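A.B. asks: The lines below spell out each chain.
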Amino acid sequence: MLAQEIKKDIGENIYKCYQCIKCTSGCPTVYAMDLSINQIMRALQLGKDDLALKSKTIWLCTSCWTCATRCPQGIDITSVMDFLRMRAAKMEIRDQQAATIAGFNQIFLDSVRSHGRIFELGMIIKLKMMTRKIFQDLGLGLRMILKGKIPFAPQRVGHMREVRSMFRRIREIEGRKV
Amino acid sequence: MNQITEDFEPQIVAFCCRYCAYAAADLAGSSRIQYPPNVKIVLLPCSGKVDELYLLKAFEAEADGVYVAGCLEGTCHFLTGNLRAKKRVQYVKSLLDEVGIGGERLEMYNLSSAEGQRFAEIAREMTERIRALGPSPLNQRKSKEGAIK
Amino acid sequence: MNFSGYGTVRNFSEMKGTELKESSEKTGAVLVVGGGIAGMQASLDLADSGFKVYLAEKSPFIGGKMTQLDKTFPTNDCATCILTPRMVDVAENKNIELLVYSEVEEIKGYGGNFDVKIRQKATYVDWSKCTGCEECVSKCPAKIDDEFNQGLGRTKAISLPFPQAVPKKVTIKREFCHFFLKGKCRVCEKVCQLGAIDFDDQDQIIERKVGAIILAPGYEVYDAHHSPEFGFGRYPNVVTSLQFERLLSAAGPTGGHVQRPSDSQKPKRIAFLQCVGSRDQDHGYCSSVCCMYATKEAILAKEHDPDVDVDIYIMDMRAFGKGYDDYYNRAVEEYGIRYIRCRPSAIKEIPQSKNLLIKYQEGREGLRTEEYDLAILSVGLGPGSSSLSLSQKLDLQLNEYGFYQSDPFQPLLSDKPGVYVCGVFTEPKDIPESVIQASGCAALAAGLLAEARGSLVLEKTYPPEKDVSAEEPRIGVFVCHCGSNIAGVVDVNQVAEYARSLPGVAYVETDLFTCAQDTVLEMREKIKEHNLNRIVVSACTPLTHAPLFQETMQEAGLNPYLFEMANIRNQCSWVHAREPEKATEKAKELVRMSVARAAHLEPLTKFPMPLNHDALVVGGGISGMTASLALADQGFEVYLVEREGRLGGIANRLHYVFENQDPGELVTSLARKVEEHPRIHLYLHTELKKFSGFVGNFRSILSRRTDDGAGEEIEVEHGAIIVATGGQEYLGPDYGYSRDVRILTQLELEEKIASNGSVLQGIKDVVMIQCVGSRTKVRPYCSRICCGEAVKNALRLKEINPEARIFVLYKDIRTYGFMEKYYTEAREKGVIFVRYDDEHLPEVIVAGGRFGPKSGSNEHQRETEKQAAPHTQDMAFSVGQPEPTGHSTAATMQGRGETSASEQYWDSLTVRFYEPILDEMLELHPDLLVLSTGVVPSEGYEELSRLLKAPITQDGFFLEAHVKLRPVDVAFEGIFLCGLSHYPKYIHESIAQAQAAAGRAATILSKKFLEVGGAIAEVDSEKCVACLTCVRVCPYYVPIINVEGVAQIDPAACQGCGICTAECPVRAISLRHYLDEQIIPKVESLLAGVV
Amino acid sequence: MKVGYYPGCTLNSTAEEYNISARKVCASLGIELVEISDWTCCGASAAHAASHLMAVALPLKNLLAYQKLGPDTLVLPCAACYSRFKAAAYLYPAHEEEMEEIFREKYDQALEIRSLLNFLTGEELLRSIKERVKEPLTYLRVVAYYGCLLTRPPRITGEEQYEYPTFMEELIGELGAEPLDWSYKTECCGMSFSLSAPELVIKLCGDILRNAKDVGANVIAVACPLCQANLDTRQREVEKRYQVNLDLPILYFTQLIGLALGMTPAELGLRKHLVPLRV
Ligand SMILES: Cc1cc2nc3c(=O)[nH]c(=O)nc-3n(C[C@H](O)[C@H](O)[C@H](O)COP(=O)(O)OP(=O)(O)OC[C@H]3O[C@@H](n4cnc5c(N)ncnc54)[C@H](O)[C@@H]3O)c2cc1C
Ligand SMILES: Cc1cc2nc3c(=O)[nH]c(=O)nc-3n(C[C@H](O)[C@H](O)[C@H](O)COP(=O)(O)OP(=O)(O)OC[C@H]3O[C@@H](n4cnc5c(N)ncnc54)[C@H](O)[C@@H]3O)c2cc1C
Ligand code: SF4
Ligand code: SF4
Ligand code: SF4
Ligand code: SF4
Ligand code: SF4
Ligand code: SF4
Ligand code: SF4
Ligand code: SF4
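Residue numbers (the numbering used here), protein chains in the order written: chain A, 3 to 180; chain B, 336 to 484; chain C, 15 to 1105; chain D, 484 to 762.
Since the hints were derived computationally from the structure, they do not count as laboratory data. Computed from a predicted structure; not experimentally measured. Glycine residues also receive a C-beta, built at the ideal position from the N, C-alpha and C atoms. It is possible that part of the hints are untrue.
Unchecked claim - Chain A stretches covered by chain C per the calculated footprint, using a threshold of three residues with CB under 8 Å from any CB of chain C:
hint	region
1	12-21
2	24-36
3	39-49
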């Protein structure tokens, strides 16, 4: 059961949730979610792990910490959302919007892995290719490039070897855990 | 007739229970809420002490208006006194109607001791009402004065 | 007469860790700390039963938080109406020394003998001179925020806290006074004609010796600034519930017009946010009163303006007290108040309109936004600002929340012998609970100090009364200027002149302040000098001032009933300030009326009536035993009557409470003490057969079943009676109870856990259903104990098998007060709570069919329950139910929507219920189904009610005289009640109430004589035709038809309302002091102009 | 005064003007910013959703570099980076062993990590800013927008005023502008969803921008490049969607300080904003 793993992994006890709905009523993006935040908590309490993992909700969370800051039971919901995303990243995501967000995260980390820093233009292009909506934000992108906001070339860090070895070791440790 | 009503200062007797109505009148005082001076209070332990006899005596003695004020319903200091009073007032009202004095010259009010404002309102309301009705038909004194003017 | 109230009596009180020094004499005085409703109650009870009381109150007035409330739930009694007379009683009681504006500085000594030092703060006003005329207040230039009105109004640096404040004296707040700040002003000093201002006033240290200390320092409300997401302090239209009380109050800053602060408009949409500063990670407890007070405030808002819409954002509606669910239901059904099950995250303000936006989600609905004109934060009850320093002075340990949490089996004792605790200081609670605890503390302190009872009380003696009956009226009229309060409007001299012309008036004077100390002294001389036999004071209100003048009369040898007041201030000069001539006319009329009545007044005496000092206690459960011990410890003889052959009642079936104590041990130890107590006469197998008499002198016949089956009758006389007949478990056929061995009640489960918990180790799935037999159409009340019981037992099951999955199906979880901690703990351990409502009741499917709650039947209980019981005895309890074929329970719980029909599980136990959060039906096959059955009254309650003439509620619980302020008294004087017979309650609450009942009974039993007479009703037996009208109408059941066949009114029991006098068709009853011949002349004199 | 400085990726790209103005302002206050030449990305906005270890390791890599460098205070202009650094420092003890395995070195946990805003609004610096104000911004009515990450969660940021911070308003007041009260100072703007879920950002920014307009602001002050980007670049779409006229320039607080200290708009990179500040 995920609830147990959450407790073990990040020390959050989701059973403490008494369904006061404070998290949901303050979440900035809940209106676009399929399950509300408290429903995610309930699903976890009832052992309906798939319901939580397959939800669009976890991807639409902006990690704004509103819920975690205000939960009367002090549950760090934001970290629970992170946890669920980590788990769900390995699964197929059907919802287009959720997939885009998940894809963005991946592209972001890829950028860090290969440049040490992020490369916006590259990311934008990759993201647009992934979602096949190249033209959607073109106007805005153009304006930003004109304003000199988006550089054409990636920044690079001097010692990329260190960065790569860091990523490698992280993968090793995580591999051991599973 | 018109003139009579204009110069007419009705005499009004208010039977007030000690725990709510009288205390509310006191509070109207401490809060300096102004109302016409026509109302004179008779203090009773409970509005339930109001006797039909008192009400009738007051009219007989030429009061132009009378009212009884007790605690809010359900909160009578003596549990049910104000409900008893209400019934009696109702009954005397019908008597007054029958004898032609008019039941509207008699009223029952309920208020809490924190309602100084309400006490003043009631005093105003009753004074206006009786002023509009004119002197009680039993009121020889006032009618005569009116006639002279 | 076995008189035991006074004198030296052996004391049997067993103190916790007794440190009492044996030899020393005890001091017959008690220090009460805190003058809220709790402290006042304790003071009055003690002072009325022979002890000297020092009441130390931090603020300059008594009454505590209740003074700020508008009305009070669940009766909607006006707080001022019920509180003001109490405050006056405290102030007038000769055995209470009021030390306001005072805090405890130091406490030394031990139970029986303490030395206390109290710091009385400087008021900068000589209170012996100040008459509270407020002339200074109107002239003081220093305007400050009005603390009493929660900052919603303004007041002055010198001020009276509020109009009805007791004592009615002004205080200078040094920190705001221009003189103290800048060295200039002294306006008040110039204005005060009594020279009461004293800028050199100093703090005083007052030292007193006391035998016991009662702590009742109350609470502070949560500071809503600490929840900035709600914008309190920034958004003008976000107010706290206490501020809203002031806005509702007719005496508040807006004169009772509900207005929103930003623009003084009437709000049309109001939101309440519950649990602000309660039930969260920083405040792990429930404040217990805010669900109810929000409901009250919502109802009042609706009554002010029926068009207003009120939404209450709430988690659980905690209406667990007597009549509370009824109140809640009315709020929903009659007033249309909407309860939204959501805790909003934040409040946002619309800049232009200053309206407020609240987002919420309910059920499966999406997020919605609602706009309000006014939002009210239901702030929690936190520890008092001085609780900590106070407890440190006594070396007492506060709990994690800052309250003093006492031992549940000794709820009113502190860890320090001789120090007792009550009110919100020990846990958030409402007014009745606070009053109950206070009376209980009084009983315990009286028990400790029994031998010193009466040693320090004052019995004031007056010179012999002059017989004036034969004299013609010689009326003295004292016309008061009240500074300029009266004289500024009314021509006082004209009034005095006029008074001289009235018949019967022998003396008239005018005074600057009639109530000033020296004037009062002179009045005594004037009475003698002019041989006055009636007094009329033409000044302010008799409600506050009559006692002062009446005492003066007594000192001058005049009967205090020969007194009358004309209220020419509150009812004349103050309210007709713009019409001075008319006001003067009216003042004359008022004086004329008073003189007319005074002429007909007659002296009245209260005469002593002997009484019996023994008590009868009916019911030998925890409540009955506790009450008996509390009385016997005070030195009274007690007859304790128990129907069964064994003491302990329902508690014999309880085995543990939250704090791990064993109720069984409690029962055993109480029973032992009862049996060994030389003053307790125990009658087992005995019931009350006949009952007659009046307070102080009751006569009862008990009937005892003897071994030979015959039975005997015993006659006892007693002065008071305590009803402690308890209650029992509801045992209806709901949810298949008695159809399947796996279906138990909580008590049955508790017995099982206690007898052999290990058989439960294999239990995997448990379902508990709450509100079984409670909160239904037939029994609409909440049984109060079952939520806690379920949580308690769930925790035990988790201890036995941490892996067990426990589902609690509930309507509202009502773990109020500190119990919330255990609700949290249960969830932490994985217990899952699922809400249901009347539209979605759980369903149980067993071999015999499908079952829901059986709430339709009309019987009070009985038929079904007793028959249902036997199966519990021969129940072979099997562990590990056969797994139902097909789905495993886990499988059913996991995937979504797998809610297949389940007739196929005929051999299994199935519970089907709706899960509202995910909006789906769930099905479980538990190993155990536990029904949280409620409490119903004991058998025979109706007979007992008839016998005692003690009324009962629709639900069969005995009715108290006044829900708020007389929670253990029965309307019929001399009868008291406690425990489950009053309403379901936990053990600690039963104990406190039992001690309270004993304390209240002691106020009667401890008297040498009952003072009877005065302004009470009297029957003229010549006129009475025995029509029974008075018997029917008296709200206190006083009149009876006696052996002579005429009505008789017991002077000790009559409350003096006069209702019977007005109803009697042949005018056979008269109310002394309000005789027709005293009232009618008053009316006639007004109108006729002459007497 | 010397302090460590971590600009973060965005300050080197989309939020260059924040970097420029921050450096200018610090220089004029006599603060020396010590930056490591090859800092790496802290992973803000994505790493925490992908891997616990990465979320801690990415900032930690930089912290390890700084702890060798000297100044014991590290300031971060970007609220997102600040949040990740704080979180990493907070979570470090729980992951100490793993981190040692990754980096073969220990973090001594002695660094004080502060946001640039918090740093510059400290008592002393605030006073020194006040003293240097040459051109009070009396023409500006400003709402301070903190966003989610500058103060939340308090457990990690250690911030006491996490729901309703006021230190930016204090600064604004000292600069001669009028700080306005409003309801959205810590609301979420949609953060990194600007690219991946722009519809969401438009809605969230819409709420924020409209409330700012309603309380009468003519500028929004920010301390985070993500906030700036969302509120600035999505403003046209918000106007279109809600049929309102906003025209609210989104300025970094450092730009406001710069203006008050007498620097020119061009110096402060104001031209990079899509919604221009018209004076
Ligand atoms: C908004 C609101 C509405 C409420 N409505 C209701 C209602 O409708 N019905 C109901 O039953 N209950 C209601 N309550 C609860 C009710 O107020 C309490 O139950 C009750 O006041 C408790 O009385 P108390 O005497 O224990 O405490 P308090 O009323 O707090 O009195 C304590 C007194 O002790 C004094 N004191 C404190 N410390 C010291 C010290 N060190 N030395 C000397 N004196 C000290 C204080 O000044 C105070 O006068 C409401 C509460 C709130 C907040
Ligand atoms: C189902 C249930 C569960 C409970 N669970 C808890 C819990 O978990 N924790 C907790 O703290 N409290 C609990 N309680 C409450 C607790 O049991 C009581 O508060 C406490 O036992 C005090 O009861 P009592 O003395 O008022 O009444 P009882 O225990 O009912 O005693 C009344 C006594 O009066 C006798 N009697 C009745 N009528 C007459 C008569 N006419 N003449 C003579 N004698 C008579 C009865 O035989 C009985 O002995 C529970 C109560 C019930 C019913
Ligand atoms: S705020 Fe916390 S307790 Fe409330 S529903 Fe959300 S997670 Fe549960
Ligand atoms: S952290 Fe995520 S789930 Fe929580 S309020 Fe913010 S967006 Fe919603
Ligand atoms: S004027 Fe004097 S007597 Fe009157 S209230 Fe003030 S101090 Fe008291
Ligand atoms: S001296 Fe102080 S209290 Fe007196 S009037 Fe002046 S400001 Fe008011
Ligand atoms: S649940 Fe408790 S704390 Fe919350 S509002 Fe109700 S009574 Fe108050
Ligand atoms: S289970 Fe009992 S205590 Fe809980 S709400 Fe129902 S009746 Fe009340
Ligand atoms: S009402 Fe009057 S007549 Fe009737 S019984 Fe009572 S006293 Fe007698
Ligand atoms: S005066 Fe009131 S209390 Fe006394 S007997 Fe008559 S009705 Fe009863």
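A.B. asks: Taking the hints in turn, state whether each one holds.
C.D. replies: Outcome of the hint check:
{"no.": "1", "hint": "12-21", "verdict": "holds (count 6)"}
{"no.": "2", "hint": "24-36", "verdict": "holds (count 8)"}
{"no.": "3", "hint": "39-49", "verdict": "holds (count 7)"}
In summary, the structure agrees with every hint in the numbered list given earlier.
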